[in-house]
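Chains A and B, in that order, give the protein sequences.
Position 246 of the first sequence, counting from 1, maps to 246 under this note's numbering, and the rest follow consecutively.
Position 83 of the second sequence, counting from 1, maps to 83 under this note's numbering, and the rest follow consecutively.
FYI, nobody ran anything at the bench for these hints, they're computed from the structure.
Honestly, I wouldn't trust all of these hints.
Taking lysine to aspartate or glutamate pairs in the DMTMM-like style, the calculated list, with each CA pair at most 20 Å apart, reads [stated by the list, open to error]:
hint : chain 1 : residue 1 : chain 2 : residue 2
1    : A       : K7        : B       : D208
2    : A       : K5        : B       : E197
3    : A       : K5        : B       : D208
4    : A       : K163      : B       : E12
5    : A       : K7        : B       : E16
6    : A       : K183      : B       : E16
7    : A       : K5        : B       : E214
8    : A       : K5        : B       : D102
9    : A       : K266      : B       : E110
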Amino acid sequence: MTGRKVKNGVMGGLVAASALLLIAVLAVIVWHIFISGVRYLNWDFFTKAPTPMGESGGVFNAIVGTFLITLVAAAIGTPFGMFAGIYVSEHRGQRFADIVRLCADALQGVPSIVIGIFGYTFLVARFRSYSALSASIALAFMFVPTTARVTEEVLNLVPSGLKEAAYALGARRSSVVWNVSIKTAAAGITSGLLTSMARIAGETAPLLFTAFGSRYIEWNMLRPMSALPLQIYIYASSPYPVLQQQAWSAAFVLVLLILLLQYGAKHLIARVLRVKA
Amino acid sequence: MVAQPSRSDRRELVRERAFTAAGVTAAVALVTTILLFLFELFITSRSSRAAFGWSFLWRSEWNPVTEKFGALPMIVGTLVTGFGALLISTPFALGIAIFLADYAGKRAAEPIKYLISLLGGLPSVIFGLWGLFVLVPLVSKFEVWFGKLVGSEALVASGTTGVGLLAAILLLGIMILPFSASLILESLLVVPTELKEGALALGATKWDTIQNVELPYVHKSTVGALVLSLGRALGETMAVTMVIGNGMKMPTSLFDPANTLASAIANQFLEATSPVYIASLIQLGLILFVISIIINIAARVILRRGVQQ
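Same shape as in the complex, but just chain A (with noise of 0.2 Å):
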């Protein structure tokens, strides 16, 4: 009998410390990412490209690369895969439906390394030469099935009587999904653009062999681009301690600039779900 108690109390104790050691862990990488990020900002950083030595440049080569290249892959990614969502949540429970969603649940999981690998055949080696414009569509294979399940999941939400009230009016299936459900759920599926934006937007084995990488400050999507997860690959493995530091520099204004993303898309969500209550 006392036996369990104990047992109880222990476990109960061990489950707790995993929970702790979760947000130490989550506290001693986020601390060190600001302290030595932050050490070393000063506005040349986020306004001048890399000089050669590397000693007092910045990375607004890699900021403008980061946004071009994330905004063109989620413009070339957006389409395919809202209406793949629409299209399996309008064909729940068919055949053809189940086997688009179990694709693109695989596709979610195929490692970034190999989209890289493919962007490079399938378009650099193809077209010889590296662009910003190959790891965009490189990225937006990645943007495609995260916004098709999200999509799909978000409308699939939308109330039926909503839907069936609008047929009951004689619309076509078109306005009905344009007018009713896409409306109604317009702030999850934004919510969820955002989400995979920042996903994309801090992704570096696909821009590799594409994107590979520019000192200058370059707005030709089919030039060579640099990009702050590239730049942050490129300072990290460098032996000069001046471009590491530019490394965690580079590596806070990222994190900054997906929890912006992140924070934008919950802060969607909560409204999302205050309608619903």
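With the hints as your guide, set chain B onto chain A.
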């Protein structure tokens, strides 16, 4: 007089058709993507298969100079780091999920869940940076200490680097923790309250209930969650690439520098010049792709069965 469809009717019909076509196109495109990946990677890696055939899978020599390529060291590296990470993170993942489902009140659970999603959302390269500059020096110290303990001069000498399998396992363990914890939590939350209350009413302690009612109820979906996490760990690229040391030889101890399938590609692809070298690296990517598709589909099937029971 035949009634002509009005202009707005026709426009609506066109819109309806375009809408249907767009949905079908996107759905078909999604399915075709998997085939496109398979096809593309298969075609571009054929010169590696022409040179080595099936023996690519079990040859342990990876030598860019003599252009002899075998994937075994990378396959071993991938399996050791993947299963190692799963082994060290699973107890904690279970603990966290159980804590959140049964012990923490809503007030404590919500912020912790938020922290978990925060940790899970950090990019791989950030973990790599942290691993390289914080974790690897710690591993190095441990390696020297351990080397002195067992009296191995080689370990003490190699301990100056700290990069290798062990660093990769520890970092991967941290990285998949939020993922597996939140998946397990999801399945714990669907255990019917009546079952738990029934056990408690019979005089079972909280832990008795968890051990004998909850965990048996979710064991299938927990396995599914762990398989999914394993898939994540096997394909994780940047963080592993930065701490595993790009070793080309077959690793013989946990402290050895090694490579996974993913890290070998990331480390070597841009340096690869000869066609056979490039094709062999793409072949590694093809192996990784096939493994990840199989694992992901298997995990989804297990998870679905777990939910249906």
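Here is how each hint holds up against the structure:
{"no.": "1", "hint": "A:K7 with B:D208", "result": "holds, 9 Å"}
{"no.": "2", "hint": "A:K5 with B:E197", "result": "holds, 18 Å"}
{"no.": "3", "hint": "A:K5 with B:D208", "result": "holds, 9 Å"}
{"no.": "4", "hint": "A:K163 with B:E12", "result": "holds, 18 Å"}
{"no.": "5", "hint": "A:K7 with B:E16", "result": "violated, 63 Å"}
{"no.": "6", "hint": "A:K183 with B:E16", "result": "holds, 17 Å"}
{"no.": "7", "hint": "A:K5 with B:E214", "result": "holds, 18 Å"}
{"no.": "8", "hint": "A:K5 with B:D102", "result": "holds, 17 Å"}
{"no.": "9", "hint": "A:K266 with B:E110", "result": "holds, 13 Å"}
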